[in-house]
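K.L.:
In case you want the letters, here they are:
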Amino acid sequence: MNKIRLIISREYLTRVKKKSFIVMTILGPILFAALFIAPAWIASMEDTEIKTIAVIDSSSVFINKIQDTDYIKFKYLENTTLDDVRKGFSESEYYAVLQILPSITYEPTAVHLFSKKQPGFAVKSYISSSMEKELRNQKLRAAGINDDVLSSIKSDVSIRTIQWTEDGTEKEGSTEIAMAVGYAGGFLIYFFIFMFGAQIMRGVIEEKTSRIIEIIVSSVRPFQLMMGKIIGVALVGLTQFLLWIVLTFAIITGVKTVLFPQLGTQNAQEVVAQDMFSQNMPDSQQVVQQQNMQEFESIFNSLKTINYGVLIGSFIFFFLGGYLLYGSLFAAIGSAVDNEADTQQFMFPITIPLILGIFVMMNAIQTPDSPVAFWFSIIPFTSPIVMMVRIPFGVPYWELALSMGLLVLTFIGTTWLAGKIYRTGILMYGKKINYKELWKWIRYKY
Amino acid sequence: MELLRAQDVDKRFVNHLALDKVNISVPENSIYGLLGPNGAGKTTLIRIINRITAPDSGGIFLNGRPLQPDDVYNIGYLPEERGLYKKMKVGEQALYLAQLKGLSRHDALKRLKYWFEKFEMQAWWDKKVEELSKGMQQKVQFITTIIHEPKLLIFDEPFSGFDPINANMLKQEILEMKAKGATIIFSTHNMGSVEELCDHITLINKSKNILEGQIDEIRNRYKSNIYEISFHGEIEKLEKTLNAHYELVEKLKVNGKNAVRIKLLHQTNENELLSLIIPTVEILSFNEVMPGMNDIFIKVVNENKNK
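As they're listed, the protein sequences go chains A and B.
Quick note, the first sequence lines up with residues 6 to 451 if you use the working numbering.
Quick note, the second sequence lines up with residues 753 to 1059 if you use the working numbering.
Take these hints with a grain of salt, some might be off.
Straight-line distance between alpha carbons at most 25 Å, and here's what the computed SDA-like set of lysine to any residue pairs gives [unchecked claim]:
(1) B:879 <-> A:27
(2) B:1015 <-> B:999
(3) A:8 <-> B:837
(4) A:70 <-> A:126
(5) B:862 <-> A:9
(6) B:975 <-> B:1017
One side of the interface only, derived from the structure: several residues of chain A facing chain B at Cβ under 10 Å [stated by the list, open to error]:
(7) 11
(8) 12
(9) 15
(10) 19
(11) 137
(12) 181
(13) 428
(14) 429
(15) 432
(16) 439
(17) 445
(18) 446
Just so you know, the hints here were simulated from the structure itself, not pulled from any lab data.
Keep in mind that this is a model prediction, so the values were computed, not measured.
We put the beta carbon where it would ideally sit given N, CA and C, even for glycine.
Could you put together the complete structure from these sequences and hints?
P.N.:
Rendered as structure tokens:
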């Protein structure tokens, strides 16, 4: 036991002290934070420029009908031809010229937007949605529907989902939140297995090619060395994740207070949401915001109702279980080859179930209780990824227990099998290894 | 007293038999040479003694009882293919390997300090292994092999890769460790070092050990009654005096003097030879020619091949 501890601490310390670890630890959160902050930042930057668009409406349908927004202003030019505007366009204040032909009422392509640069998507979609709405309203009016009916016709639907739990209480849940949490959990596990599994493999190859392996295994059993390495790398991974989470939060909070002091308690996502909704502005902005608030309220409610005990507990379990299952296989691959280039053929059977797991995960997000999702969340090679997606939606305890039990049995099995390959492989040099050879190693008596 | 015994050790790999009923007996406080051509099974036997692999049948006994997992603390092993973690610092690494051999951190530090001073390599402590030359790495590795002061030391081809100065230093250390009571097993192709260092040898060929014993006894066993005589005078004269009991094997010059090698065939002895040739030449020296380990090695291996 003492030796395993020594090995773990060496594996841990040498990796944590590496420059690449430190760089990754610092760079990771900056990237993550950028991912969160960038949309809000861009949203706040984008609209500060006021764009004036000249409208030449020869159909006369849209005069003063397209409403200004905070950043897009419309100027309706009368008795002006397109050529007139074109002459002085580069010196003019206009961002673009909107030309509407008389045939607009029956021909959708009778609108042109002229500008120096390709106009932004927001501008284009705002104009087209405003025009569509205006045309529709006019047609409805022509059909005899009055303005009162028109203003009452717009309706919004926002479904609140409530779960009846077995003890009879009601829980408000959010499908979106469940999806996000599940997706994040499953993807983290996938990412962790690959990234740190590869580190185990490289560590084994390093020991083999530097030939120190024979010295180590004359002091400790190969199995101890393998387990020490797997556990040591796991601790490196956990350390990195922990630092990432802490640093990401620190950076986001820091940047938020520096860059968006006016936001106060609002979070970046709300800014984005607002910005998206602001395109529908002709309807009253207030209604949208109110709706928005309701939605957030419901999200917060459902965030409160998620069973964090089960969620976090099973995340840690599947996280480590999946890692241990694959970690020993990565170690076995490392032991069987002389250099990293030769790992390809053995990586294949490891990669397949993991990628399959990701595909099924995408599917399980839509239909968490489908037979596919069920079976893949029970089968140990994909269960860590797929089960994580199902848990936020609620999974019967017996399924969870079955999946966990099978995972434990399988990782004991793969570790035992990998250990057999490992102890032969680490002392085998200069031989091209195939699956037949690996099978022989497994059957070796020691 | 016998320290280590391998008894009927068998080891089979998939396509060949690496060891076939190998028996060796290593006396305590001796230097024991493990000889044999490439691929004979020496490294496999060494790995079995180090508990890196297990024999299919047979056993290894240390001090008369079967080898235990904890016995690795009493064994120091320098493998043929040497290596260290390249990116790790020398001192850290030596400390780690010493602790794996059961030393406490405190003891390991103290002893490492002693050895680093002795070999004048304190300045290397904080260097990465990859910054050292190959010879320097070998020294570090040697220290980590003996740091726990094991009773049994096993060196696989210890002299390969060392320059003559370091090889000589290694030789001195081996002799010193023997003087302190350690038992040393080493495998080598270098017959010169065998004659110089070993008390006992075993010769492994094609998975079997075909020759084992004390080195003097073996050389006696393989001597072929050849004597070397150097003298003043003419070789032809001497040659004429030899009768059917003798065979002139070789004419040569030793330190500028004429010399011959004569084989005693049968029903004769050294004195008769001397009395025969004394009247013809002035004898300067008369020695029995002992077979070198090199000759014995080649002879035994070839004989074995012809069987």
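K.L.:
State the violated hints by number, sorted upward, taking the hints as numbered earlier in the document.
P.N.:
11, 12, 16
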